[in-house]
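Modelling step: build the complete structure from the supplied sequences, incorporating the hints.
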Amino acid sequence: MDTGYHPLPQPEELPQRDKEDAMGAYLMMFAALGAGLPLPIINLIAAVIYYYINKKASRFVRFHTHQALISQIPTTLMNAIAVFWGLRILIYDDWGFTNIYKGYLVAVLLANILYFIFGIIGAIKANSGKMYYLLFFGKISYHSVFQIRPDEDAKAGKQENLPPKF
Amino acid sequence: MRKSVYRDLIILLTIFVASWAAFTYVPWGDIFSAPDVTVSIADEEKLGKLIVDYGILKDPTITIVRDKKIDSVMRMVTHLLVSKIGKTDFEYTFRIIKSDQVNAFTLPGGNIFIYTGLIEFCDSPEHLCAVLAHEIGHAEKRHVINKLAKELGLSLLFSVLGGNDNVMISEIGRTATSTVFDRAQEKEADDFSFQLMERSRINPKALAAFFRKLTDAYGASNEHLEILQTHPNNNSRIKASLEYKPDTGFVEKKIDIDWSNMVSTIKNWDSTQNN
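As you go down the protein sequences, you meet chains X and A in turn.
Going by the working numbering, 145 is the number at position 145 of the first sequence; the sequence numbering is gapless.
To convert, take the position in the second sequence, counting from 1, and add 166; that gives the working numbering.
Bear in mind the hints are in silico, worked out from the structure with no lab data behind them.
Treat the hints with care, as some may be off.
Examples of chain X residues lying across from chain A (beta carbon under 7 Å, computed) [said to hold, decoys possible]:
id, residue
1, Ile100
2, Val106
3, Lys139
All C-beta atoms, glycine included, are put in the ideal place defined by N, C-alpha and C.
What follows is the structure, encoded as structure tokens:
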């Protein structure tokens, strides 16, 4: 049930503040990724917090924070699986350091590298006020941020300060 | 819009699964052990001979058991295995060392040493065969020479080959006999021994039986037993031995040796009757 989308802001219309906030979503994620390496969940928490802080921000900022958030869920899960799988091998020693695990590690490493590269590109684009759609995630984020939802938009558009009633 | 989202998802999943599968089938073993076999067979044999001659046979603290009866039994047992190795680069030599330790070790060039304690500890010739097959596995896979090359460096090994530096040789010998193999190497030797035992018509479960007896007698980690040194792994090694499936046509053939007689001969042997 697509009801259409809000118009996209163009780079020259966006205030510098929005561009920086949008870029911050990606950079924040890298900082947290470093901090969260042993337990790859901190970056996810950081992204969720960043997303909620910017909940009231412009659609452009929200799009980028949303994309940064959802796009790191799979990588985070993959990293977590790699860590727990590795621990399991170390501690119980009955699964073994198999080629399947080695292959998984390399695939996850590759995914992280790719993710890092695309994250950097995302940050640069966001800073110059451009939309940047990651494969799959870009579309989801665009849909969830820019879709016109009459009821929600009405709620958001409700004015707090009203003139006195004569 | 929906369709293209699903398409994207499928693309992502395919990339991930494909790279996982692709990297799973990369021959990691070959890549990581690539620098291994850098010592030629001839050099290994030469080095092995030097170590045996100067490090073992000339060591006054080591007594080699020489007895017609024991030798004939050993020849029978080892022939059973060696004749089934197939194509091999080594001339295998088996020697028995008088010592109560339950131990066996392999030196470069297919020189395998068994302690009398180990033979006495074996319940049957099959147990002994299992240990020997494991040691042959280390030799065939060239674990000893690779470990030596890694620990001492190739240049040192080659320098010894040139001259007769006895001190250095016995030092290398000491390193070789105290070598600890890593888990992958033990597994490789185990797997080799299962196949060799199967070809020799010995039940591969003999290794499990031997392991179990060892762990029962000495606990899971006995640092004197090379064969048990990767101790956290013992259960999986026992399991691997029990789970090894020989070909359908496999028929076990008991080794026809009066084992208790052999054990008592070994027990009663002393160096004065060296003949």
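Structure-based check of all given hints:
1. Ile100: holds, 5 Å
2. Val106: holds, 4 Å
3. Lys139: OK, holds: Lys139/X within 7 Å of chain A, min 5 Å.
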